[in-house]
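Work out the full structure: start from the sequences and follow the hints.
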Amino acid sequence: MTHRREFVMGVKAGLPVCIGFIPIAIAYAVSAIHSGLTPGQTVTMSVIVFAGASQMAAVNMLSAGAGAAAVIFATFILNLRHFIMSTCVMKRLEKAPLMARLGLSPFVTDESFALFTSSEALPGSPYAFLGLVAATYLPWVLGTVAGCFMFSLLPPLVSDSLGVALPALFISLIVPGVRKSARLFAMVVLTAALNTALSAVISGSWAVIASTLLGALAGVFIVGEEEGAAA
Amino acid sequence: MSTYLIIAGMAVVTLLPRLIPAALIDRLPMSKRVERFLRLIPYTAMTALIFPGVVKVDPERPLAGILGAAAAVVVSLIRPKPIYAIVGAVLAAMAVIAFL
Numbered sequence: 001m002t003h004r005r006e007f008v009m010g011v012k013a014g015l016p017v018c019i020g021f022i023p024i025a026i027a028y029a030v031s032a033i034h035s036g037l038t039p040g041q042t043v044t045m046s047v048i049v050f051a052g053a054s055q056m057a058a059v060n061m062l063s064a065g066a067g068a069a070a071v072i073f074a075t076f077i078l079n080l081r082h083f084i085m086s087t088c089v090m091k092r093l094e095k096a097p098l099m100a101r102l103g104l105s106p107f108v109t110d111e112s113f114a115l116f117t118s119s120e121a122l123p124g125s126p127y128a129f130l131g132l133v134a135a136t137y138l139p140w141v142l143g144t145v146a147g148c149f150m151f152s153l154l155p156p157l158v159s160d161s162l163g164v165a166l167p168a169l170f171i172s173l174i175v176p177g178v179r180k181s182a183r184l185f186a187m188v189v190l191t192a193a194l195n196t197a198l199s200a201v202i203s204g205s206w207a208v209i210a211s212t213l214l215g216a217l218a219g220v221f222i223v224g225e226e227e228g229a230a231a
Numbered sequence: 001m002s003t004y005l006i007i008a009g010m011a012v013v014t015l016l017p018r019l020i021p022a023a024l025i026d027r028l029p030m031s032k033r034v035e036r037f038l039r040l041i042p043y044t045a046m047t048a049l050i051f052p053g054v055v056k057v058d059p060e061r062p063l064a065g066i067l068g069a070a071a072a073v074v075v076s077l078i079r080p081k082p083i084y085a086i087v088g089a090v091l092a093a094m095a096v097i098a099f100l
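Here the protein sequences line up with chains A and B, keeping their order.
Here the first sequence is numbered in the working numbering, starting from 1 and rising by one per residue.
Here the second sequence is numbered in the working numbering, starting from 1 and rising by one per residue.
Read the hints as simulated data drawn from the structure, not as lab findings.
One or more hints might be untrue.
Stated by the list, open to error - To give an idea of the chain B side of the interface with chain A (calculated C-beta under 8 Å), a few residues: (1) Pro29; (2) Tyr43; (3) Pro62; (4) Gly68; (5) Phe99; (6) Leu100.
Said to hold, decoys possible - Straight-line C-alpha distance at most 16 Å; calculated EDC-like pairs for lysine to aspartate or glutamate: (7) A:Lys12 / A:Glu120; (8) A:Lys180 / A:Glu120; (9) A:Lys95 / B:Asp26; (10) B:Lys81 / A:Glu120; (11) A:Lys180 / A:Glu225; (12) B:Lys32 / A:Glu225.
The beta-carbon is built from N, C-alpha and C at its ideal position, and this holds for glycine as well.
Structural data, given as structure tokens:
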């Protein structure tokens, strides 16, 4: 397969993410501007941080008067889950040159990880991942720019209903594997129950990390040898 | 501290967890069991990102997220391409928000 074709496959696979990213990028930018950041600062954050939930949290913290250390520490905790996701992405890119892996790593998000590791539909090639990056990073940055020039949020009917786009994407990536394997389904149900229980007692970002790891650990014992994703 | 320095700090602490596995992945020997563990992570990570968070998509109407997710499951069983599940879920959530 040519590199160009792999890239195009990545772009096509990543395009549905736009539906989820653009409204979140707009919501982030509108609240950033509202809380006193300049358009330059707002866009810079999307360009060099590229992690939606933590950007939104940072804006809320800054407008509430939080200090630099608190904001940076919260960002670190919120994005620590990407360590696990990057490990899975890089496992699939193990044969790629070190420079390609390092260059692609800043673009590992929940969504690029999910699309790249959950099926064999995309080749395990750096060009395919680059295609995913193009289809997710550019809408994120352009959505942020657009949001800087909007005076109000999208109406709740639109923004809240578009909020189910990314969960729906993840569901569609889980379902094909799970319908083939009752054991995989059991692991998914266990993980959902674990995360629901844990997020009642510890903060959401730690709950996600703990239930991801514990769910997969249980899965090693529950699920058979051949089942599982592409990574 | 200037806001730009805070943003730079955020960028560094976000980059490190993404970068370190890229640098080390081919230097760490992995047993078959660890590889199986990693193959299961996509399922558990996505599950943890969906549940229970999807319920709070519209904080005042938990039903929007619940029915949106249910629609995504049903559509995915019929059509595996993500775009169908996304459109189905958004329409279901929109109906709940508009009419309930």
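Hints, one by one, checked against the model:
1. Pro29: violated, 12 Å
2. Tyr43: holds, 6 Å
3. Pro62: violated, 12 Å
4. Gly68: holds, 3 Å
5. Phe99: Violated - the Cβ of B:Phe99 stays beyond 8 Å from chain A, reaching only about 11 Å at its closest.
6. Leu100: violated, 12 Å
7. A:Lys12 / A:Glu120: holds, 15 Å
8. A:Lys180 / A:Glu120: holds, 15 Å
9. A:Lys95 / B:Asp26: Status holds; Cα separation ~8 Å.
10. B:Lys81 / A:Glu120: Given that 16 Å is the threshold and the Cα spacing comes to 13 Å, the pair holds.
11. A:Lys180 / A:Glu225: Holds, at roughly 14 Å.
12. B:Lys32 / A:Glu225: Between B:Lys32 and A:Glu225 the Cα gap is close to 10 Å, so the pair holds against 16 Å.
Hints 1, 3, 5, 6 from the earlier list are contradicted by this structure; the remaining hints agree with it.
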